[in-house]
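Input sequences plus hints: build the corresponding full structure.
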Amino acid sequence: MASRYDTVIIGAGAAGIAAARLLHDAGRAILLLEAGARIGGRAHTIRHGDAHLDLGCGWLHSAKRNPWAAIARERGFVIDTDAAHWDQQWRDLGYSPTEQAAFSAAWDRWEMKARAAADGADQPLSAFIARDDPWYQQVDAISGFVNGAPLDRVSLHDWLAYENAATDDNWAVRQGYGALIADHARGLPIRLSTPVTRIDHGRHLLRIDTPAGTIEAERAIVTV
Numbered sequence: 001m002a003s004r005y006d007t008v009i010i011g012a013g014a015a016g017i018a019a020a021r022l023l024h025d026a027g028r029a030i031l032l033l034e035a036g037a038r039i040g041g042r043a044h045t046i047r048h049g050d051a052h053l054d055l056g057c058g059w060l061h062s063a064k065r066n067p068w069a070a071i072a073r074e075r076g077f078v079i080d081t082d083a084a085h086w087d088q089q090w091r092d093l094g095y096s097p098t099e100q101a102a103f104s105a106a107w108d109r110w111e112m113k114a115r116a117a118a119d120g121a122d123q124p125l126s127a128f129i130a131r132d133d134p135w136y137q138q139v140d141a142i143s144g145f146v147n148g149a150p151l152d153r154v155s156l157h158d159w160l161a162y163e164n165a166a167t168d169d170n171w172a173v174r175q176g177y178g179a180l181i182a183d184h185a186r187g188l189p190i191r192l193s194t195p196v197t198r199i200d201h202g203r204h205l206l207r208i209d210t211p212a213g214t215i216e217a218e219r220a221i222v223t224v
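Position 15 of the sequence shown, counting from 1, maps to 15 under the working numbering, and the rest follow consecutively.
Read the hints as simulated data drawn from the structure, not as lab findings. Because the structure is a prediction, the values reported are computed rather than measured. Ideal Cβ placement from N, Cα and C applies to all residues, glycine included. It is possible that part of the hints are untrue.
As the list claims (entries may be wrong) - Have a look at the derived ranges for each label pair, beta carbon to beta carbon:
(1) N147 to G94: 25 to 33 Å
(2) R28 to V146: 29 to 37 Å
(3) H48 to R75: 33 to 41 Å
(4) R91 to R174: 16 to 24 Å
(5) R91 to A165: 28 to 36 Å
(6) I79 to L205: 25 to 33 Å
Take a look at the structure:
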């Protein structure tokens, strides 16, 4: 017989965990399914000696209105509200002031072209800097750090929607952003290594197929 729940949440990244937490705390019978072997998605903190290292997302962007900042405080995490210092070189990496100025100019040219295309058809961000531009690789790398994807996989319109709404209060969680998101899942019913292969809508209840069996639910939230 299939297991039965009010709601099954598919994908245990930040969005899935937030949905599961809200419904669980409201007394709903929920189950959170994750295809991978850990929760958190792009949020993943590891320990290295005494340091907490975020291997994915690492900043509470627009922190004064970011709901994860309030969650962090409620759960006893320490937030570092100092400036991010992204424009300062750490140690002597051989990246000269002349090179830094040249990159800054290349970035400004790229961003200006992208913003000028805002009212047109959507395009990938790679459309606004030539592949043979000497600074392409660095702009592309920063897209990976900021957007979680290279330039050719990021929508111009989505990027602008985020950039135009963002503020400069970028804070860090001392114990790690990934650790915060994982902690928010504490006590939730979760099944790891459980990919969903099909959702059958043909009956009153959804039938959610997994390698471990079929799960029945009133509704499903897909956050992958």
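Against the structure, the hints:
1. Under the hint 25 to 33 Å, the C-beta atoms of N147 and G94, about 27 Å apart, fit the expected range.
2. Taking 29 to 37 Å as the suggested C-beta distance range, the pair R28 and V146 conforms, at roughly 35 Å.
3. For the pair H48 and R75, the beta carbons lie near 22 Å from each other, so the given range of 33 to 41 Å is not met.
4. A hinted range of 16 to 24 Å for the beta carbons of R91 and R174 is consistent with their spacing of about 21 Å.
5. The beta-carbon spacing between R91 and A165, approximately 34 Å, falls within the hinted interval of 28 to 36 Å.
6. For the hinted restraint 25 to 33 Å between I79 and L205, the CB-CB distance of approximately 42 Å leaves it violated.
Of the numbered hints given earlier, the model fails hints 3, 6; all others are met.
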